[in-house]
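Chemist: So the protein sequences, as listed, match chains Z and E.
Counted the way this note's numbering counts, the first sequence spans residues 1 to 582.
Counted the way this note's numbering counts, the second sequence spans residues 1 to 348.
Just so you know, these hints were derived from the structure itself, not from any lab.
All of these numbers come straight from a predicted model, not from anything done at the bench.
Mixed in with the good hints there might be a few duds.
[To be verified] Looking from chain E toward chain Z, a few residues come up when the C-beta cut is under 10 Å (computed):
#1 V41
#2 A96
#3 Y223
#4 T241
#5 E243
[Unchecked claim] Covered by chain E, per the in silico footprint, the following chain Z stretches (three or more residues, Cβ under 8 Å):
#6 67-73
#7 245-258
#8 277-288
Ideal placement from N, C-alpha and C gives every residue a C-beta, glycine not left out.
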Amino acid sequence: MSLVEVSADQAQIPGPMTQSLSQTLRPVPGSRRRSAAGFAGVVLLGAAACALWGWPLLSFLLGAFFPGLLHGRFVPSLRPFGQALQGGMSLALRNSLMVSLAAALFALPLGAWLAWLQVRSLVAWRGWIEPAIWLLLVMPGYFLASGWILLAAPVGPLARWPWIQSVAGHLLGPVGIVLTLMFKALPFTFLAVQSALTATSAAPDEAARVLGLSRRRRLALAATLLLPALAAGFAAAFAESMSDFAVAATLGAGSGFVLATYTIEQAVNAMPLNFPMAAAGSWLLLALILPALFLQAWLARRAAGRRSLGPRFRPAAPLRLGRKAAGLHGLAAGGLALVALGLPLLAAGSLARGGTASANIGATLNSLLPAFRYSLELAVLAASVTVMLAWPIAVAVVKRGRAGRILDFALLAVMALPGIVLAAAYVLAYNQPYTPLYGGSSLLAMAYVALALPAATKVLQGPVAQLHQGFNEAARVHGLSRLQALRHVEIPLLARPLFSAWLLSVLHVAFELPASELLYPAGRPPLAVALLDTVSGVQFHQQARLQLLGMALLLSFAVLARAVFARLSTRGGPAIAPAGAA
Amino acid sequence: MNLSSMSTPVPALPRTLRLALFALGAILGLAPQVQAATLTVYAAMGYDARVARAFTHATGIRVNLVHLSTGPLLARVQAEAAHPQWDVLWFDGNLAMRQFARHRQLSCGWLPAVHYTPQGRALLPADRCYFPVGVTYAGMMLVNTRRLPQGDWPLQWRDLTKPALYGKVGMNNPAISGPTYPFVAGMMQHLGLKAGERYFERLKANGLKIFPRNSVTLRALQYGQIDVAVVQSSAALGLATKEPGLRVIPAAPSAELPSDLAIGARVQGRTLQSARRFVQFVLSPAGQKVLQEGDVSADSNYQPLLTGVRPVSALAKLTGVRPLVLNPAQWGPLEPKVVFWFTVHVAR
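Just chain Z, same shape as in the assembly (with noise of 0.2 Å):
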């Protein structure tokens, strides 16, 4: 899902002094060393993709198709998928497809109108639209469902209003699948319609009014113009929908409406064990999500050709609405907001305060510290060494050459495939007595790379793009060697956009539910574990002093995180920001 594009003519500024320097400066002594360099690092991240996920996604997926490869016997059978039909997935497939598209559907006038206001309107409160959808897209989905779940409970804050929290009860179902999957997909559709409306100019809006037209043509008009960001928009919440595992596992499970990605789940970890089964199911889930996820980056690709950024490019003019309009605006929004965010928190608060709190904090913050603790180093670690693949990758990708061009569809690809069945394939690839990895927390730290490395390469794609070629040769003209380069101009110029792509990854990691689940050490169980362990029990009062504490100790990481960066990068920052950060 890219969050994060750039138009043509920003990934590339010509200019008269590029081309002269280019020309000067080739051959230089130690281009061959250089050369060398670069082939070690080709080939270097070609391991590192094969053992993320080319051995095991291959050995796993291959299972589908040769159910006994695992014991050497090469015999094909469509026997798995038959399996995989008469277990569930073909009911699963149908209801995971039906809220997905429910969700996506309901996801995309809701971002496109906060996108309209953060972009095109001047009400006093826009600057909170977007912190609020990045809460949204970093607050793990078993949080908003283990919020329904709290708000509905006996216990819970509707206690008093048997009636409403009768209505309540509906939200354990597939309205509340539809309503979590629908927030978690609105961040996917606002930052669609965010980037197209800021990179739209007001020339055709404009020539309309001279020609005349009418209000309604001139809003077909716009609707016309911003179509392939509302496909792209659709496509990526659909995607991320039909992918979702937490949900399928809490408010899904909990209320018997099967979703694909628990089935995938239960085929690999409940009896009886079917490896070639999950990878059946796994084939039938990405059959419906991958042309979903393709559909999205050529739209995204399209409408990034067509942007008219450049000299001539006039945003434009935001709308200054009536008093009423306004007010009606902000009560929608708030309302969202308090569904959103306030529910599931004020329900998991009310709840917090109830039992024997004070008796029982020091037992919660005892359960609870050593999976944060545990969490925290390997997302620490991972998201490091996510960034350290993701950067050279972001630059392969943004040159376009056949390497980019193949990293850039393989990334597209594993950001299609759902976390459950990547910690499926690392089961059964790295518990093999040739791979012993299986049962270490360095095969869960590998999953967590494998995972974040998409998302943190489209964070840094559009910087990496930005940055001046120019730079880089002028450094080597004033005798700067590739690594003084690299640490006096092109690391100070990308810090920001490098941490933003290192928090975002702490934070996915931290907060990783399929993986960890699959994989997760003897006696180290990760935070997602031991939160979920409260969500599907019924001691309502520890569960949500959980889920609180858990949220508050990581939000806490980031904004120290953060303090820490900005007072450690120079004053001012570098002039790069990622694009659509704006």
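For chain Z, the structure is supplied; the task is to place chain E on it using the hints.
Modeler: Frame of chain Z; chain E shown alone:
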């Protein structure tokens, strides 16, 4: 983009920020250290963490505990078959234990120095591959009497198929909840395989709802999504003790569900000694005390199998139980087949 800005001196961190960093470090530093691997225990018991702590306290031997639901635990053991990570296994159900013993995954032949009751001795396998700890019953009906009129209360298993209970009955998925397979197997042994299958198909036709495990099924009962929950006796007793409107009905017959401990076949040397000490500790009066106090809302409500250990008071509610003993050698190998049948015909 200003290259000269790189030489700007890095400002010192303000005092508040340093304090905040110190506090975070202190929190992380003070958090209990995860112990180095000494004895790895895979367990699916509600009190296992407390038992592990008590064992470490009593013996100094450190325990790495993996706590999972029984289904995922069995799946993990199965997935690790080529490269097992565990030293001790502990879960409800001797059918799966028998399967692991059949596949030579368990260390057999040793017997802890304890005095079993006649019931305990009957559950102890002749090959000494696993050790019974306590007994619960695989399927027990828990009725929400505040929502269901007394005339509709089910008293026999066949009552669950009555139209009055359409859409009001829930049970666990035997693929995920280990204790549920013995319930399904028990019904099939009691009624006969085909008649047992037909019984579950009738339940499904009567709107049976399937949940992953005891806790989720019980939550559905609390939330009013169902009015009758078929769950393990220990979980039913635990919630009935806490919630006055719930009533436990032990329909006959009730499949016995022993919780068992086993040691891995590859465990050797000092680890084997530690594993045996762990088994001995769990079966000692001190260990049994931790078991009975460790999870009063569920697993502590078991029938002890050791002389001198009295059952917890909640068990007094279980009157008129007609136990059904399953033959592990017969029903253990059938588990994958029966569970798959259940998934295809009932759970989906």
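Chemist: All the hints need checking, so say for each whether the structure fits it.
Modeler: Hints and how they fare:
1. Taken as an interface hint, E:V41 checks out: its beta carbon lies about 8 Å from the nearest beta carbon of chain Z, inside 10 Å.
2. Hint status for E:A96: holds, given a least beta-carbon distance of 8 Å to chain Z, under 10 Å.
3. Nearest Cβ of chain Z to the Cβ of E:Y223: about 6 Å, under the 10 Å cut. The hint holds.
4. Violation of the interface hint for E:T241 is found here, the shortest Cβ-Cβ separation to chain Z being roughly 13 Å, above the 10 Å cut-off.
5. Of the supplied interface hints, the one on E:E243 holds, with its beta-carbon coming within about 9 Å of a beta-carbon of chain Z, less than 10 Å.
6. Note: the region 67-73 of chain Z has 0 residues with beta-carbon separation from chain E under 8 Å; the three-residue rule is not met and the coverage is violated.
7. A count of 5 residues in the region 245-258 of chain Z with a Cβ less than 8 Å from any Cβ of chain E is obtained; the coverage claim is therefore met, three being the minimum.
8. Coverage of a stretch by a chain is defined here by at least three residues with a beta carbon nearer than 8 Å to that chain's beta carbons; for the region 277-288 of chain Z and chain E the count is 0, and the condition is violated.
This entry does not satisfy hints 4, 6 and 8, going by the numbered hints stated previously.
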